[in-house]
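Residue-level listing of the chains:
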Amino acid sequence: MKSEKIMDLSEAIRRFVKPGDHISIGGFTLNRNPMAAVYEIIRQGIDGLHLYAHSNGQGVDELIGAGCVSRLEIAYGGTGRFAPTCIRFKKAAQEGLLAVEDYSNYQMTLRFMAGAMGVPFLPTRSGLGTDLIEKWGFSPETRAADPRLPNDKLKVMDNPFGNWGDVPRVVLVPAINPDVTIIHVQKSGPKGTSRIEGLPFSDVEQAKSARHLIVTCEKIVETDDLRDAPESNQIPFFCVDAVVEAPHGAYPTACYRHYDYDPVYLNDYRKYASDDALYADYLQRFIRGVKDHAGLIGLIGQERIKAIAADPRTGYATGLDRK
Amino acid sequence: MKSEKIMDLSEAIRRFVKPGDHISIGGFTLNRNPMAAVYEIIRQGIDGLHLYAHSNGQGVDELIGAGCVSRLEIAYGGTGRFAPTCIRFKKAAQEGLLAVEDYSNYQMTLRFMAGAMGVPFLPTRSGLGTDLIEKWGFSPETRAADPRLPNDKLKVMDNPFGNWGDVPRVVLVPAINPDVTIIHVQKSGPKGTSRIEGLPFSDVEQAKSARHLIVTCEKIVETDDLRDAPESNQIPFFCVDAVVEAPHGAYPTACYRHYDYDPVYLNDYRKYASDDALYADYLQRFIRGVKDHAGLIGLIGQERIKAIAADPRTGYATGLDRK
Amino acid sequence: MADYTLRELMTIVAAREIRDGDIVFCGTGISMVAAMAAKHISAPNSVIFFETGAIDSKLEEVPMAVADPRVMFHTSVNGSLADAFATMQNRFTGKKVVGVMGAAQIDPYGNLNSTVIGDYRQPRVRFSGSGGACDVASFVSRTIIFMQHEKRKFVQKLDYMTSPGWLDGPGARGRAGLSDDSGPAAVITNMAVMRFDSHTKRMYLEGCYPGISKEKIVENTGFEVDASHAEEVAPPTEAELRILRERCDPQGLILG
Amino acid sequence: MADYTLRELMTIVAAREIRDGDIVFCGTGISMVAAMAAKHISAPNSVIFFETGAIDSKLEEVPMAVADPRVMFHTSVNGSLADAFATMQNRFTGKKVVGVMGAAQIDPYGNLNSTVIGDYRQPRVRFSGSGGACDVASFVSRTIIFMQHEKRKFVQKLDYMTSPGWLDGPGARGRAGLSDDSGPAAVITNMAVMRFDSHTKRMYLEGCYPGISKEKIVENTGFEVDASHAEEVAPPTEAELRILRERCDPQGLILG
Chain W
1 MKSEKIMDLS EAIRRFVKPG DHISIGGFTL NRNPMAAVYE IIRQGIDGLH
51 LYAHSNGQGV DELIGAGCVS RLEIAYGGTG RFAPTCIRFK KAAQEGLLAV
101 EDYSNYQMTL RFMAGAMGVP FLPTRSGLGT DLIEKWGFSP ETRAADPRLP
151 NDKLKVMDNP FGNWGDVPRV VLVPAINPDV TIIHVQKSGP KGTSRIEGLP
201 FSDVEQAKSA RHLIVTCEKI VETDDLRDAP ESNQIPFFCV DAVVEAPHGA
251 YPTACYRHYD YDPVYLNDYR KYASDDALYA DYLQRFIRGV KDHAGLIGLI
301 GQERIKAIAA DPRTGYATGL DRK
Chain L
1 MKSEKIMDLS EAIRRFVKPG DHISIGGFTL NRNPMAAVYE IIRQGIDGLH
51 LYAHSNGQGV DELIGAGCVS RLEIAYGGTG RFAPTCIRFK KAAQEGLLAV
101 EDYSNYQMTL RFMAGAMGVP FLPTRSGLGT DLIEKWGFSP ETRAADPRLP
151 NDKLKVMDNP FGNWGDVPRV VLVPAINPDV TIIHVQKSGP KGTSRIEGLP
201 FSDVEQAKSA RHLIVTCEKI VETDDLRDAP ESNQIPFFCV DAVVEAPHGA
251 YPTACYRHYD YDPVYLNDYR KYASDDALYA DYLQRFIRGV KDHAGLIGLI
301 GQERIKAIAA DPRTGYATGL DRK
Chain Y
1 MADYTLRELM TIVAAREIRD GDIVFCGTGI SMVAAMAAKH ISAPNSVIFF
51 ETGAIDSKLE EVPMAVADPR VMFHTSVNGS LADAFATMQN RFTGKKVVGV
101 MGAAQIDPYG NLNSTVIGDY RQPRVRFSGS GGACDVASFV SRTIIFMQHE
151 KRKFVQKLDY MTSPGWLDGP GARGRAGLSD DSGPAAVITN MAVMRFDSHT
201 KRMYLEGCYP GISKEKIVEN TGFEVDASHA EEVAPPTEAE LRILRERCDP
251 QGLILG
Chain R
1 MADYTLRELM TIVAAREIRD GDIVFCGTGI SMVAAMAAKH ISAPNSVIFF
51 ETGAIDSKLE EVPMAVADPR VMFHTSVNGS LADAFATMQN RFTGKKVVGV
101 MGAAQIDPYG NLNSTVIGDY RQPRVRFSGS GGACDVASFV SRTIIFMQHE
151 KRKFVQKLDY MTSPGWLDGP GARGRAGLSD DSGPAAVITN MAVMRFDSHT
201 KRMYLEGCYP GISKEKIVEN TGFEVDASHA EEVAPPTEAE LRILRERCDP
251 QGLILG
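Protein chains in written order, with this note's numbering: chain W, 1 to 323; chain L, 1 to 323; chain Y, 1 to 256; chain R, 1 to 256.
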């Protein structure tokens, strides 16, 4: 299969992710984060990133932990039971190493959706009366200095149609158009048509809102394999800039119908992340010390990789020890 | 299979469609219109309907032709090459028998989407500077008299985030919440989980915006048949009030992977629709004169029904004579 | 009487709040097990629904996050986040939804903080943030809140209001633009069940867990609370416990 | 020279407007065949895209409507209407889209009427209405317009403005809230190709079809039009005609 969009991950990250970029990543907590790409960003030492996240979880925490992120817009920094609050995120926020601005999951989703739709904002009732509206994470100076940030976090407006829809007032949340979005999917065609299996989260909106889109996938397949069931594809090829085959590209997070999250990795990560020295060691050993994602998977070893292989019936690793 | 939502079409229409209701139907021009339901509405003589349509085509024209519709909000009244402008719609509008208010396809889609999302409006740039904004079809008195209509057709507003998104100004289109939406799908489960194959058009937004939802389907299948691939389902069961098995329920419009549109019917329809006497005869013979949709299909006969059967490879009737 | 743990009691107390036909939005952990239990006990037609978009998952194993692949199996629809929150904000489906949630702080009106302790931009303690909590609390007909009963968590004034409860009292939700008919219904703690007065919208003590005195609860509540009508909460039955242990969390991942 | 029909000429003239890499939004009929032809002639990497949501359909047979099941076969994505229009309104993908459309009336600035003749509420003639035309004309980088060249169709003032062209001249789109960089690029009629002056935004005559005089075109245009620079339009080549007849519309459903 040939296509000028197919490239290896290091090239895709080098071409499309620059220091200081506004980026967003797909996935949710411990599922389908584009971890191969996250680790490659860490390996390339790209920093000063402005990261847009809803509840992206593991990928967010690792980018923050490795010092790649200087500003974060987020709804939720957690990885389920493995880290009810992401540890490096918590630490960075408490130590003032990270400027954080809070939204809700739906607000962030709507902001990506607005970006994808090409409208400057979308309305919701979420957050009326709360500090999500009152308290802003970024100062007016920060906003003014970066034309990629709106001057206002959000706006509350009376419903111009009176009480139409039984809604007297709405919050308008501004569109996000990241410089680059990175998502990990199950299958892509050579030109980028992509298929997500299981829950899509907000990946599709994130993908379509971005100026550039990198798609990593478990497998690049023939176009016909995807076009035989186009209702199952979500990303049209013309939205995609780079297609990267990255097997286990979401590891240690899950990829539905391919593999589960790795509870061993996530438990170890919690331990490492809780201590600065251990964390530096973790980064050196697992991320910076390997050439690429295949190197990490090799380090983990076949036994653990086999243990998380998805059961074809359920799509996850049935009976996996997850304590 | 048992479920209190499964009922025959005459019961579903009797229970959920009342004279004067605000209704919307799914499909697009000559595809997947809920024709069995449209014909049943005609048979039951339900009138005074306020119909919301984007480009729903055949179903809209037949409801208008049979005198069921008194007000119409619409983007496009046509059925492709068979009727670039729907004939009974054109006639009714020109004779002043029908109050019409025009929107664009995207505006109507956004209005259903707003209704589905539970927000009073959504923004777009579509229509700025045009008569879609300047000219309203319904008078302020009509609007004031029906609480189910907003006082304003739409609103133009300066972007409250400055020029954010390179958009200085937007049109806000008000949400639609029909009393009832009727869609026709390929498959439903006993409680209403539904799957649309091929293009979904705006059916999902229309379905979710409605107070009541009737789903007619080619076949009611076991829940497990749908839940084995939940990414392919669009309508959650809790949105559905009535599930009706209606084979060929979109006929004479198409139903992807089941049957094509019937060019003979649509050509004949054009001929009948162009003449009041012929049209009265058509209604009597094909619609009111048969007991139900199976009666109409019987009248059409196996030969024509076979001719439009979908080729499993393409999803339509390959090589069908469509002149 | 059956032997049970505190977490089991809390789960069953929450499960009893769920009515048949409810669409239950729940998060991870104990709230998910409560929703699972309710389906087996009193609300067979309730629907578990995750903010990640999974509707009516067949939960053969306990998910450890709302994005756990276990929630994606055998659902009615695997929708998007946008779909999930629209279902809650929708005028028709939203009325059927009950939300189950937790927080780091709660105030007398059931407003919640899950964002920071201390200054917002220089937090002393940073928590996960809203996630879908603010959305749920803004949209759905009623919410059930899990809390640890500690003075520093039941506070007169939140450090940050992440999710709206009854705001500052009667009519406040309506004035803010939310619905006056929706809001927090119950707070389930490790000591008690609290509810909100229908007139004042302030929290009061409805039920004490077996063996816990009113005084202890009042003492652990950082604001004044009416305890005058409190009764003892009925403990879980053996049948309820069996369902929890055998059908909801046999691996003890959440309750163990 | 090859023998060709007027409809074939119009189709080829339109196909030539499509550039490689364009995302072509087209409607039913001749515009669809033009887009199909362009893929075979000069723009192999152009993408046909229907407002119904079908992206890059494999058109083994000519669809007779944009919702024809033939557009659903072997696409990249079978999206919704919402997806399709968002692609056009999107800041990045919208810039790559060219729209091909028709209308009942056009004015000197390329504004279009496809709604009514006469009073809006009491129309003398009712047409189909906008469909996606207004959306396309509002959003995409450039539009190509098919028209019958008649005085009553090329009018100084539209009865109803369904789709925005250059509105009332330079800067008007920007003032209305649309993009000043996007708008109608060419009008392809049964006699000529018209374009819009880059300064005044008014329509002028660029090319006459073989055998049609400037005078005849001016006579059939209901407003003043600059014809001073018009040249003859190159007729379709044999290769172009073969593609049309053999690969685009072999049944003659549109061009026959």
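Just so you know, the hints here were simulated from the structure itself, not pulled from any lab data. It should be emphasised that the depicted structure is a prediction, and the values quoted were computed from it without experimental measurement. It is possible that some hints are incorrect.
[As the list claims (entries may be wrong)] Below are the DSSO-like pairs computed for lysine-lysine, each with C-alpha atoms no more than 27 Å apart in a straight line:
#	chain 1	residue 1	chain 2	residue 2
1	Y	K153	W	K91
2	L	K187	L	K219
3	W	K191	W	K219
4	L	K18	Y	K95
5	L	K191	Y	K96
6	R	K96	W	K2
7	R	K153	L	K135
8	L	K187	Y	K58
9	R	K157	L	K135
10	R	K214	R	K151
11	R	K95	W	K191
12	R	K153	W	K5
13	L	K5	L	K271
14	W	K155	L	K155
15	Y	K95	W	K91
16	W	K135	W	K91
17	R	K58	W	K219
18	R	K58	W	K2
19	R	K58	W	K187
20	W	K18	W	K191
21	L	K271	L	K323
22	Y	K214	Y	K153
23	W	K191	R	K157
24	L	K155	R	K157
25	W	K18	R	K95
26	L	K219	Y	K58
27	R	K153	R	K58
[Unchecked claim] Among the chain W residues that face chain Y by a calculated CB cut under 10 Å, a handful are:
#	residue
28	N31
29	R71
30	F161
31	G165
Glycine included, every Cβ here is placed at the ideal spot set by N, Cα and C.
Which hints from the list above does the structure break, by number from lowest to highest?
12, 13, 15, 23, 27, 29 and 30
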